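Chemist: The lines below spell out each chain.
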Amino acid sequence: DVKVTQSSRYLVKRTGEKVFLECVQDMDHENMFWYRQDPGLGLRLIYFSYDVKMKEKGDIPEGYSVSREKKERFSLILESASTNQTSMYLCASSRPGQGSYEQYFGPGTRLTVT
Amino acid sequence: AQSVAQPEDQVNVAEGNPLTVKCTYSVSGNPYLFWYVQYPNRGLQFLLKYITGDNLVKGSYGFEAEFNKSQTSFHLKKPSALVSDSALYFCAVVVSGSSNTGKLIFGQGTTLQVKP
Numbered sequence: 025d026v027k028v029t030q031s032s033r034y035l036v037k038r039t040g041e042k043v044f045l046e047c048v049q050d051m052d053h054e055n056m057f058w059y060r061q062d063p064g065l066g067l068r069l070i071y072f073s074y075d076v077k078m079k080e081k082g083d084i085p086e087g088y089s090v091s092r093e094k095k096e097r098f099s100l101i102l103e104s105a106s107t108n109q110t111s112m113y114l115c116a117s118s119r120p121g122q123g124s125y126e127q128y129f130g131p132g133t134r135l136t137v138t
Numbered sequence: 002a003q004s005v006a007q008p009e010d011q012v013n014v015a016e017g018n019p020l021t022v023k024c025t026y027s028v029s030g031n032p033y034l035f036w037y038v039q040y041p042n043r044g045l046q047f048l049l050k051y052i053t054g055d056n057l058v059k060g061s062y063g064f065e066a067e068f069n070k071s072q073t074s075f076h077l078k079k080p081s082a083l084v085s086d087s088a089l090y091f092c093a094v095v096v097s098g099s100s101n102t103g104k105l106i107f108g109q110g111t112t113l114q115v116k117p
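Sequence order for the protein chains is A and B.
Going by the working numbering, the first sequence opens with residue 25, and the numbers climb by one from there.
Going by the working numbering, the second sequence opens with residue 2, and the numbers climb by one from there.
This is chain B alone, in the form it adopts within the complex (with noise of 0.2 Å):
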């Protein structure tokens, strides 16, 4: 079965430090993966995705990704943690087979907390 896994439900990290959310996934083929983040009462914006091409995206605010593919991983990272980037983070792919329609699996979200 197809499924997106974020290991941990909350990250705490200082401001200034680097971060990092962790996603792994399993589908068939080749995965297309994004991040989103939502802030609280409100809905999720896009920061990144992965098609194809180099391994490294970057994004929207300063996160990056990288996708690994032996790993079956796509973990989030910011260099420099700032108090604003609290907020849910979501980790998805697209479903296999759903290339027309563009239907996601969510994993269950992660909290980050950056403290001053």
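Just chain A, same shape as in the assembly (with noise of 0.2 Å):
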């Protein structure tokens, strides 16, 4: 089975502090992904990566941004945080090419910022 981890489940950051999520995926996908989720809004696409060192901007990638180093982790970084960031934070992998694209998702990070 695919797993992909998150380092945090619940995590309380102050404004202007930087932060750190941090995604690692198991079955050497080539995608990663990071959404926000946030009610009625769904998942927003936040950047994604489709190699090492590789990234793209999602849909609302102002005020973060990604490193991917290594295959298997992937991380997000808020540079300065702001209540309008408090949110719910998915990562997900997949592994490209025809007849796949299914995505499989970490636990979630529910970020605070106070």
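The set of hints was computed from the structure by calculation and includes no laboratory data.
Remember, it's a predicted structure, so these values are computed and weren't measured experimentally.
Keep in mind that the hints are not guaranteed to be accurate.
What the hints assert, rightly or not - Label-pair restraints from in silico Cβ distances:
1) B/A2 <-> A/P120: 19 to 27 Å
2) B/N42 <-> A/P120: 27 to 35 Å
3) B/Y40 <-> A/E46: 38 to 46 Å
4) A/V36 <-> B/D55: 41 to 49 Å
5) A/T138 <-> B/S71: 28 to 36 Å
6) B/S4 <-> A/P85: 17 to 25 Å
7) A/E46 <-> B/N42: 17 to 25 Å
8) B/Y40 <-> A/T39: 40 to 48 Å
9) A/P85 <-> B/P19: 35 to 43 Å
10) A/P85 <-> B/P8: 25 to 33 Å
What the hints assert, rightly or not - Lysine-lysine pairs mimicking BS3-like chemistry, simulated, CA-CA at most 30 Å apart:
11) B/K23 <-> B/K116
12) A/K27 <-> B/K78
13) B/K50 <-> A/K95
14) B/K70 <-> A/K27
15) B/K50 <-> A/K81
16) B/K78 <-> B/K59
Glycine included, C-beta positions come from ideal geometry on N, C-alpha and C.
Could you fit the two chains together into a complex? Lean on the hints.
Modeler: Here it is in structure tokens:
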């Protein structure tokens, strides 16, 4: 079974802090994704990565950056946390190619910025 | 613009009754469609997908979904609901032209409440 783990289930940070969210997958997947989930808005893509050191902006990249130094690990960075970044953050991975596409999700990190 | 719509915020059904959670999509080209389920304070779990072939696809936990090209719909169904099916359900579609990266667009989610 694919396993995607996230470093924290719950996190409380102060406004202005730099925040790191870590995601690790154990299935050698090329693609990794960071989403935020807010009630009534579904999942919105922040960033994704299709290979080591490769990244692309998603729909809402402002205020975030990412790092992928190793294939199995994809980090989301909040450069200066703000209260409007309070949300559930979900990481996912997938293998590219025809007939595949399903993404495998981690348990999520509920971040509160005060 | 590509999009996925789940027209109902919440669906209520009695245990043992059939359930339907609706999804419509708008993409260019052939759609690759997915359903995911999320239990409280958990990540999303893959339920089923339509890539090609039979319009009726079967997935986990007794769920199935029917792809209807003319109505651009992909409704999730189950013949007999269980209380344990109560959860948040998301429909998703692969973004056209992203066959390599598999980027998904998600609907806003539908809460399914099954009452005993």
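Chemist: Quick one, are B/K78 and B/K59 close enough, alpha carbons at most 30 Å?
Modeler: Holds, because 10 Å separates the two Cα atoms, which is no more than 30 Å.
Chemist: Taking 30 Å as the top limit, are the C-alpha atoms of B/K50 and A/K81 close enough?
Modeler: holds, 26 Å
Chemist: Is B/K50 within 30 Å of A/K95, Cα to Cα?
Modeler: holds, 26 Å
Chemist: Going straight from one Cα to the other, do B/K70 and A/K27 come out at no more than 30 Å?
Modeler: Answer violated: B/K70 to A/K27 is near 34 Å, above 30 Å.
Chemist: Look at the Cβ atoms of B/Y40 and A/T39 and judge whether their distance stays inside 40 to 48 Å.
Modeler: The hinted range 40 to 48 Å is violated for B/Y40 and A/T39, with Cβ atoms some 31 Å apart.
Chemist: Holds or violated: the 17 to 25 Å window for the beta-carbon distance between A/E46 and B/N42?
Modeler: holds, 19 Å
Chemist: Can you let me know if the beta-carbon spacing of A/P85 and B/P19 is within 35 to 43 Å?
Modeler: Given a distance of about 42 Å, which is inside 35 to 43 Å, the answer is holds.
Chemist: Can the suggested window of 25 to 33 Å be confirmed for the beta-carbon pair A/P85 and B/P8?
Modeler: holds, 29 Å
Chemist: Given a hinted range of 41 to 49 Å, is it respected by the beta-carbon distance of A/V36 and B/D55?
Modeler: holds, 48 Å
Chemist: Should the hint that B/Y40 and A/E46 are 38 to 46 Å apart at their CB atoms be regarded as holding?
Modeler: Once the Cβ atoms are compared, 23 Å apart, the range 38 to 46 Å for A/E46 and B/Y40 is violated.
Chemist: If I claimed the Cβ atoms of B/S4 and A/P85 lie 17 to 25 Å apart, would that claim hold in this structure?
Modeler: holds, 20 Å
Chemist: For the pair B/N42 and A/P120, does the Cβ-Cβ distance stay inside 27 to 35 Å?
Modeler: Check passed, 30 Å falls within 27 to 35 Å.
Going down the numbered hints, you'll see the structure goes against 3, 5, 8 and 14, while the others check out.
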